[in-house]
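Engineer: Listed below are the residues making up each chain.
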Amino acid sequence: MEWITDLFTDYTLRTVALGSALLGITAGSLGGFALLRRQSLLGDAISHAALPGIAIAFLLTGSKAPLVLIIGAAVAGWSGAALITTVTTRTRIKYDSALGVMLSVFFGFGLVLLTFIQRQPNSNQAGLDSFLFGQAAALVERDVLVIFAIGAAVLLLMTLFWKEFKILSFDSDFLGTLGFPVRRLDHLLTTLFVIAIVIGLQTVGVVLMSAMIIAPGAAARQWTDRLGRMIVLSGFIGAVAGVGGAVASSMIPSLPTGPTIVLIVSCIVFFSLLFAPNRGLVFRRIREWKAGKMLRVDAVLVDLYTLASQHSSAEHPHSERVLDVMSTISGPARRTLVLLKDLELARQIDSTHWSLTPSGVSRAESVIERQFGVAS
Amino acid sequence: MSASFEIQLIAVVVAVTCAIPGVFLVLQRMSMMSDAISHAILPGIVVAFLLTGDLGSPWMILGAAMAGVLTVALVELLRKTGLLKEDAAIGIVFPALFSVGVVLIAQYAGDVHLDIDAVLLGELAFAPFDRMTINGVDFGPRALFVMSAIFCVDVAFIVLFFKELKLTSFDKALAGALGFAPAFLHYVLMGLVSITAVGAFDAVGSILVVALMVAPPATAYLLTDSLKPMIFISVGIGALSAISGYWMAHFLDASIAGSMATMTGVIFLTAVVFAPHRGLWSVRKRRSSQQIVFGRKMLVIHLYNHEGLPEANQECRVDHLEDHLRWDHLFATRAIKSSLQLSLIKQHGALLSLTETGREVARKSLVEL
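So the protein lines, in turn, are chains W and F.
Residues 0 to 375 (numbering that gives the first Met the number 0) make up the first sequence, in order.
Residues 0 to 368 (numbering that gives the first Met the number 0) make up the second sequence, in order.
In isolation and in its complexed conformation, chain W is listed as follows:
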C-alpha cells in the first residue's frame, strides 16, 4: 500500500497521475459523445492527423511550449476531420476510406516533417518524437497546468451546451427543426473533441490516444441508458485508468505508462461487457436461461393439462413417457417436472407418474388463455 502515500508525496508520480487523470476525464467525457455519434474511429484519425501540426508549429515558432504544440496539433487534427467530412460528402469516397487515407497520409506527412527537423543542424528538437508513443513520465507541472486549464475549458463548454449536444447526438434533424444551428454546433463539438484528443498526445502518444477516447465511453455505455450518467461515468473510468496506469508503471520497472493505461481501460471495457447489469453478457445469459426455464415449465404444464382434459379429473396422473413424447421441448420432461414440483404446480404420484395440483390447473388455464386467447 506504499503507492497510496507515494501518490501524494512522490513528485513525479503525483504529476504523472494527476496529468493522466485529467486527460482521462476530458477524453472520456468527449469520447462518450463520439461513441454515441458513431465517430469512434474519427478520434483515431484526428490523433494521427495532429502529428504534422506539431511539427509545423515547431518549425514556425521554434518553441516546444506545450500550448504552441497543442494549438498546432489542434489545427492539423481539425483540418484532418474537415477533409474527411468534405471528401465523404462531396465525392463517392466512403467514410472508412476517407478515415484511412487522412489518418495515414497526415501521419506520414508528419513523419516527413519530424525526420526533416531532426536532420537540421542546431535545432533543439529533442522530445518532439515523444508525441508518437507518448512519454507520460516526462510530464512536468507546467504540462499538467496546461492540461488542467484546457480540459476545464472544454468540459465547461460541454456543460454549457449540454442540451444542444444531447439532441445533436441522438437526433440532429430534430435539433435542426427546433431552429438550432446544427452545423455550427457540430463544428463546436468536433472542436472540443479535437482539443480533448490533442492535449493527451504528449502523454499517451498518437497511436494509443484513440483508446483513451473510445474505451471509457464504451465501458460506461454498458452501465446506464442515461446520457448524463454515462458521460460522468466515462470521465471517471478515464481518470481511474489514467491513475492506475501511472501507478502501475511506477511500481513495475520498464512498464510504459501509455500502454498500461490502455490495457487497464480495456480490462474495464471487458469487465463491463460481461458484468454490467441489464446489458452485460452474463446477466443477459442468466435472464435468457430463466426465461427458457419458464417457457419449458409452461409447455409441460399445458401438456399435462391437455392430457388431463381427456379424463374426468384435471388432477388425473399421467406417465412421464407420454409427456416425453408429447413435449415440444428438447430433452426429457423429467427435468421440467421436477421444476413444476418445486413450484407446487404438479405432484409426483409414483416413480413415473405425475399429476397437476389445483394451482397447476389454474396456471395452465391462464397460460392457454394467454397463448390462444380462449379458455378451454
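If you are wondering where the hints come from, they were derived from the structure by calculation, not from laboratory data.
A few of these clues could be false.
As the list claims (entries may be wrong) - In silico PhoX-like pairs for lysine-lysine, Cα to Cα no more than 20 angstroms straight-line:
(1) W:LYS340 - W:LYS292
(2) F:LYS84 - W:LYS93
(3) F:LYS165 - W:LYS93
(4) F:LYS162 - F:LYS227
(5) F:LYS84 - F:LYS165
(6) F:LYS284 - F:LYS336
(7) F:LYS171 - W:LYS93
Use these hints to put chain F onto chain W, whose structure you have.
Structural biologist: Just chain F now, with coordinates in the frame of chain W:
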C-alpha cells in the same frame, strides 16, 4: 545494383503488394481494418520473436497472420454481442493488442533489435543492408524476396478467387445465397491483409501500411467503375507514389516511408479535385453548365407563355426576369447571353422575343415536363 535502385525496387514492390488486397478492403468498406490489423500484428510478431529468437523467421509472418485473424475474430465477437458498434469494437481491440505488444517488448525484448519506432515507422533506407545470402552468394536484399513472395501469394489469391471476391465485394448476400461462403473468404482476405502488413511493416512501418493499402485503391475508385481497371490503377498509383516518395525523401533528407505516404495523399487529393466525372472540379463545371441549360429552358418557356399576349411588353422585359423567376442579376445575364448565342431568343432594347428555334425548344421542354 546500387542501394538507391534497390530501395526504390523494394518500395515499389511493397506499394504494389499493399494495393492489391487494399482494393477489396476499400470496396467492402473495411479500410479501417487495415489500420486495426497493422497495429494488432505487433503482439504476434513479438510472441513469435520471443519464442524463436529470430527476427527474420517465417514464424514471425505466421504469428502476425494469426494475430491479424485474431483481431478480426475479436472485432466480430464484440460486434455480435450487440453491445458495441463495429467502429467502437475496432477502436477497442487494436489499441489493446498493440499495447500488449508494446508491453511485451518493454518487458522482454528491450535489449534486442525490436524497438517500437522500427515497428511503427519502419526504415526503408536500411533495407538494402539486410542481404539474402545462400552459400555465401549475395542474391539481393532480403526484404525484396520476402515482399515478392507475398506479392505472388496475393496475386495468386486474387486470380484464383476473382469471381468470388468480386461477388462478395459487391453483393455479400447474393454470394452467401449462391454458396460462396463469404465469411470464409472474409477471413482469408484478412489473413492476406495481415501477411501483407507484416511483410510491409518492416519496410514502411505499420501506420504507413494503411496509406499504401487504402489511398491508391481509394484514388482508383474515383477514376473507374469496374474492378479490373481499379486493381491495375491502384497498382500503378502505388508504384508511382513509391518512386516519387523516394525522390521527395531524397531531396528533403526525410523519412522515405513518410514521403511515400505523403505522395499517396497528394495523388488522392489531386484525384478528389480533378478526377474526370467524379472530381470536385468536373462536378462543379457540370453543375454550372446544367444550371445554364436549365436557365435557358426556363427563359424560353417563360417567353413562350407570354408571347403575343397583352402583358408581353411587361413580362418579356430583361429586368422583369429577376423578379418573376427569382433569378439574381448575374444568372439572368448568363442565361440571356447563352440563349442569344444559341439564337433561341432575340433582344430589342429591353425586350426579349423568341426565335423560331426558341419556340421549338420551349414546346419540346413543355412536353418533357
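Engineer: Each hint should be assessed against the structure and marked as holding or not.
Structural biologist: Tested hints:
Of the supplied pair hints, the one linking LYS340 (chain W) and LYS292 (chain W) holds, its CA atoms being roughly 14 angstroms apart against a limit of 20 angstroms. Annotation: proposed proximity of LYS84 (chain F) to LYS93 (chain W) holds, straight-line Cα distance about 17 angstroms (limit 20 angstroms). Restraint check for LYS165 (chain F) and LYS93 (chain W): the C-alpha separation of about 18 angstroms stays at or below 20 angstroms, so the hint holds. Restraint check: the Cα-Cα separation between LYS162 (chain F) and LYS227 (chain F) comes to about 11 angstroms, which is no more than 20 angstroms; the hinted pair holds.
Between LYS84 (chain F) and LYS165 (chain F) the CA atoms are separated by roughly 26 angstroms; this puts the pair beyond 20 angstroms, and the hint is violated. Our distance criterion of 20 angstroms between C-alpha atoms is met by LYS284 (chain F) and LYS336 (chain F), whose separation comes to about 18 angstroms. Restraint check for LYS171 (chain F) and LYS93 (chain W): the C-alpha separation of about 17 angstroms stays at or below 20 angstroms, so the hint holds.
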